[in-house]
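Chemist: Here the sequence shown is numbered in our numbering, starting from -10 and rising by one per residue.
No lab work stands behind these hints, which were simulated from the structure alone. Each hint should be verified, as a subset may be incorrect.
With a Cα cut of at most 25 angstroms, we get these calculated DMTMM-like pairs of lysine to aspartate or glutamate [claimed, not checked]:
| no. | residue 1 | residue 2 |
| --- | --- | --- |
| 1 | 39 | 259 |
| 2 | 171 | 279 |
| 3 | 235 | 42 |
| 4 | 39 | 233 |
| 5 | 111 | 279 |
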Amino acid sequence: MIEIPYLKEFFKSIQRTTIDDFADRLFYYYTALMLTFFAILTGAKQTIGKPIECMMPAEFPNTWSDYVRGFCYVSSTYFVPVNDTSSIEYKQEKMVHGYYQWVPFILIIQALLIYLPNLAWKTFQKTQRIDFQHVVEKAKTLRFEMGDEHQKSIKDVVAYLKQRLQHQGTSHGYSYVGFGMKSALAHIFAKMLTILVILFEISFINTNFGPAPDNFWGLTMFHQGLTNSRWNESGVFPRVTFCDFKQPTFGGKPPQRTVQCVLMVNMLNEKIFIFVWLWLAVCLIISIIDLIYTIVTLFIPYLRRKAV
């Protein structure tokens, strides 16, 4: 079986844990996997499929057609609106599109950034003397145990916590009163970091995909899709572009040729980034609500006891 280097290790690293909640898993687990899948999908389209097709002059042989198609894809193309009467040369300077080659890498970087808050949280947990994941997993099994086995498991959990708390107090010269505050603050910090990462990724899409920055890029693009607004007027993820190349000749200055190309991969890229923007917007709302709920629950004793 052929394996992509480091991909297996990446999937292992983002496995779900028991010391988080639904909002955390929705972001670092499901969203990271979704972005990784999209990166593989659009990457396969670029490497295995045909991301670009160009209208070649009739006199070009197949070898020339393949060369021009590859040249235009790697050297970027430019977009000219169908109703624009200005010169092509001017538009070439203003609306060059070459980001589509980088879409798989952009998605992978987004997935890595999304995992950053959980990585910080897990790294902090490894510095603690109590293995919270072990305690939570052990406590979850209590629901399925009965009788003496149930009582024994409870005693084991209590004994483990008591032993770790006594060791914590003895080794640091203080009691265990207030123990867990650092973990609570670290958990809140991880959730705040999650919100910052979401805002950064939404801002990145708003700024870099479109003729001008738009704070509601995803909603704008979604609305254009519902109202059948034409992509060939906005220039966002254009399907039809132009490409200039110089045709080599024997002697003399090589003439510059212009071909019209169809970027089929941009239809896929557009749908992916619209979905990702809307998904991140939903994650942002859920994460803000979850942060408020976590702070209130941790710092109000009555609610903290009910949560436990």
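Chemist: Which numbered hints are broken by the structure, listed smallest first?
Modeler: No numbers; nothing is violated.
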